[in-house]
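Engineer: Please build the complex by placing chains B, C, D, E, F and G on the supplied structure of chain A, with the hints as guidance.
Protein chains in written order, with this note's numbering: chain A, 17 to 90; chain B, 17 to 90; chain C, 17 to 90; chain D, 17 to 90; chain E, 17 to 90; chain F, 17 to 90; chain G, 17 to 90.
Fair warning: there could be bad hints in the mix.
As the list claims (entries may be wrong) - Now the stretches of chain G that chain F is said to cover, found in silico as 3 or more residues with beta-carbon under 8 Å:
#1 26-38
#2 46-52
#3 76-86
To be verified - List of simulated lysine-lysine pairs, BS3-like, C-alpha gap at most 25 Å:
#4 G:Lys74 <-> D:Lys37
#5 D:Lys37 <-> E:Lys74
#6 A:Lys72 <-> B:Lys72
#7 G:Lys37 <-> B:Lys37
As the list claims (entries may be wrong) - Some, not all, of what chain F presents toward chain E, calculated at C-beta under 10 Å:
#8 Asp22
#9 Thr25
#10 Ile42
#11 Arg43
#12 Asp50
#13 Asn54
#14 Ile56
#15 Leu57
#16 Glu62
#17 Pro76
#18 Arg77
#19 Val80
#20 Asp83
#21 Ala89
Hints listed in this document are in silico derivations from the structure and should not be mistaken for laboratory results.
Cβ atoms here follow ideal geometry from the backbone N, Cα and C, with glycine treated the same way.
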Amino acid sequence: MTRPFDELTKALGKPVMLRLKGDRTIRGVLASFDVHLNIILENAEELANGQEQTIKEKYPRLMVRGDNIIFVAL
Amino acid sequence: MTRPFDELTKALGKPVMLRLKGDRTIRGVLASFDVHLNIILENAEELANGQEQTIKEKYPRLMVRGDNIIFVAL
Amino acid sequence: MTRPFDELTKALGKPVMLRLKGDRTIRGVLASFDVHLNIILENAEELANGQEQTIKEKYPRLMVRGDNIIFVAL
Amino acid sequence: MTRPFDELTKALGKPVMLRLKGDRTIRGVLASFDVHLNIILENAEELANGQEQTIKEKYPRLMVRGDNIIFVAL
Amino acid sequence: MTRPFDELTKALGKPVMLRLKGDRTIRGVLASFDVHLNIILENAEELANGQEQTIKEKYPRLMVRGDNIIFVAL
Amino acid sequence: MTRPFDELTKALGKPVMLRLKGDRTIRGVLASFDVHLNIILENAEELANGQEQTIKEKYPRLMVRGDNIIFVAL
Amino acid sequence: MTRPFDELTKALGKPVMLRLKGDRTIRGVLASFDVHLNIILENAEELANGQEQTIKEKYPRLMVRGDNIIFVAL
Chain A
17 MTRPFDELTK ALGKPVMLRL KGDRTIRGVL ASFDVHLNII LENAEELANG QEQTIKEKYP
77 RLMVRGDNII FVAL
Chain B
17 MTRPFDELTK ALGKPVMLRL KGDRTIRGVL ASFDVHLNII LENAEELANG QEQTIKEKYP
77 RLMVRGDNII FVAL
Chain C
17 MTRPFDELTK ALGKPVMLRL KGDRTIRGVL ASFDVHLNII LENAEELANG QEQTIKEKYP
77 RLMVRGDNII FVAL
Chain D
17 MTRPFDELTK ALGKPVMLRL KGDRTIRGVL ASFDVHLNII LENAEELANG QEQTIKEKYP
77 RLMVRGDNII FVAL
Chain E
17 MTRPFDELTK ALGKPVMLRL KGDRTIRGVL ASFDVHLNII LENAEELANG QEQTIKEKYP
77 RLMVRGDNII FVAL
Chain F
17 MTRPFDELTK ALGKPVMLRL KGDRTIRGVL ASFDVHLNII LENAEELANG QEQTIKEKYP
77 RLMVRGDNII FVAL
Chain G
17 MTRPFDELTK ALGKPVMLRL KGDRTIRGVL ASFDVHLNII LENAEELANG QEQTIKEKYP
77 RLMVRGDNII FVAL
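So here's chain A without its partners, still in its complex pose (with noise of 0.2 Å):
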């Protein structure tokens, strides 16, 4: 059996999706990621709450605490 952390491997170069706690939701490519689920995304995008095609704020490089994340679409 491979490993959730396998498929986030497999992601590291590639668009996804981030949905945090609070109904955050941050898109961006996957730079880097470490065991807590620290997640380095570029190029990322802050969406508006319950209107996902908005983007609210841009960021060149943005660290996510692991912590916060409630699932990771790859």
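Structural biologist: Frame of chain A; chains B, C, D, E, F and G shown alone:
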């Protein structure tokens, strides 16, 4: 006695339903998991709150962070 | 002195009731557990909030993540 | 100096009162505990919020997960 | 440099005031503590929220679980 | 590179301001700390929410549990 | 693969923006950090909620406890 994670191993490749904190419900095929209950679902569907017949969003592959999970229906 | 987990061992195969954070109540037969209090219930029933006579949903097999549990009625 | 858990040992077999997060109050006879403050109560009574004279529910044997406990009245 | 727990040791046998999460305030004599900041208070008094002159309840001996504590006034 | 705790060491004996979860603000002289960011403040003042000019309460010596701290202004 | 903390090392001495739980936003120069994501910011500015052009408060040096951080914009 078997242990709870033995039941997850038996469910690999089968459809499961995850109830998450914050009233989220996600269904999909259990592709892998680890000791923190991080889970990869394939062909995942996020269901609308309180209307479990309504699919809110679809994801080909989802990594759910284990600490968000209330229960897994096997 | 016996320890709390000894009482769970005695309850294997018997009906228990779990009270979870966020006012959820689940009943079922205790099939297995581990040191984190992750629990497998069989023939599980989720009860409606505040109306414990009303069954909201049924699940043949449920894995409950231990950190959601307030108490287990044995 | 004695340690807090020494006081719990002295209270074994005696009635105690648990105040839990989320304004729950449970009384019962202290049957066992472990280092995580998981506790088995016998002849337990859950009291109604804010009306501590009113018994809401009775349980012959209850395992309370330690992380829900605010304090134990000995 | 002394460490925070050294100050608790000096306060043994003396009155302290605990401010707990969820706006609870408890006063009593510091009888013992451990590294998790679990604390035994003797002759404890729980004070009414926002009216610290009013005693809501009295307990001869109380074990407070450390993770509920915001601060201890020594 | 110095580390965050080196800055706390430099601040020993000096006034600091702690912003705590739940919108509490406490000022005082930093007397000691440990690796969990448990902190002893001397001549501490708790400030009223949203009115940081108003002192709500004074404490000669306060032990703050580290997990409540959002930030320390040095 | 580089790891998330490598990106923080590259950002030392540069301006960063921290989004904290509870809708706080703090900007400043990244002076140091540790494995818990505890961070020292210099010339820090706390921004008003939802009005990120408005500076609410300024601090010459701030230690932010890592567990409050949602993300760091590098």
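Engineer: Taking the hints in turn, state whether each one holds.
Structural biologist: A quick look at each hint next to the structure:
1. Counting residues of the region 26-38 of chain G whose C-beta sits closer than 8 Å to any C-beta of chain F gives 3, which meets the bar of three, so the coverage hint holds.
2. A count of 4 residues in the region 46-52 of chain G with a Cβ less than 8 Å from any Cβ of chain F is obtained; the coverage claim is therefore met, three being the minimum.
3. A stretch counts as covered by a chain when three or more of its residues have a beta carbon under 8 Å from one of that chain; for the region 76-86 of chain G and chain F the count is 8, and the coverage holds.
4. With a C-alpha separation of about 36 Å, the suggested pair lysine 74 of chain G and lysine 37 of chain D falls outside the 25 Å cut-off, and the hint is violated.
5. Restraint check for lysine 37 of chain D and lysine 74 of chain E: satisfied, since their Cα atoms lie roughly 19 Å apart, inside the 25 Å limit.
6. Restraint check for lysine 72 of chain A and lysine 72 of chain B: the C-alpha separation of about 21 Å stays at or below 25 Å, so the hint holds.
7. Restraint check for lysine 37 of chain G and lysine 37 of chain B: the C-alpha separation of about 17 Å stays at or below 25 Å, so the hint holds.
8. Because the closest C-beta pair between aspartate 22 of chain F and chain E is about 13 Å apart, greater than 10 Å, the hint is violated.
9. Interface hint status for threonine 25 of chain F: upheld, as the beta-carbon distance to the closest one in chain E is roughly 8 Å, under 10 Å.
10. Proximity of isoleucine 42 of chain F to chain E holds as hinted, the smallest CB-CB distance being about 7 Å (cut-off 10 Å).
11. Proximity of arginine 43 of chain F to chain E is violated relative to the hint, the smallest CB-CB distance being about 13 Å (cut-off 10 Å).
12. About 5 Å separates the beta-carbon of aspartate 50 of chain F from the nearest beta-carbon of chain E, less than 10 Å, and the hint is met.
13. A cut of 10 Å between beta carbons decides the hint on asparagine 54 of chain F: the least distance to chain E is about 4 Å, and the hint holds.
14. The criterion of a C-beta within 10 Å of any C-beta in chain E is met by isoleucine 56 of chain F, whose closest approach is roughly 5 Å, and the hint holds.
15. Restraint check, leucine 57 of chain F versus chain E: the minimum CB separation of about 9 Å is within 10 Å; hint holds.
16. The interface hint given for glutamate 62 of chain F holds, since its Cβ lies 9 Å from the closest Cβ of chain E, which is under the 10 Å cut-off.
17. About 8 Å separates the beta-carbon of proline 76 of chain F from the nearest beta-carbon of chain E, less than 10 Å, and the hint is met.
18. For arginine 77 of chain F, the interface hint holds, since its Cβ comes within 10 Å of a Cβ in chain E; the closest pair sits about 4 Å apart.
19. For valine 80 of chain F, the shortest C-beta to C-beta distance to chain E is roughly 5 Å, which falls under 10 Å, so the interface hint holds.
20. A cut of 10 Å between beta carbons decides the hint on aspartate 83 of chain F: the least distance to chain E is about 7 Å, and the hint holds.
21. Violation of the interface hint for alanine 89 of chain F is found here, the shortest Cβ-Cβ separation to chain E being roughly 17 Å, above the 10 Å cut-off.
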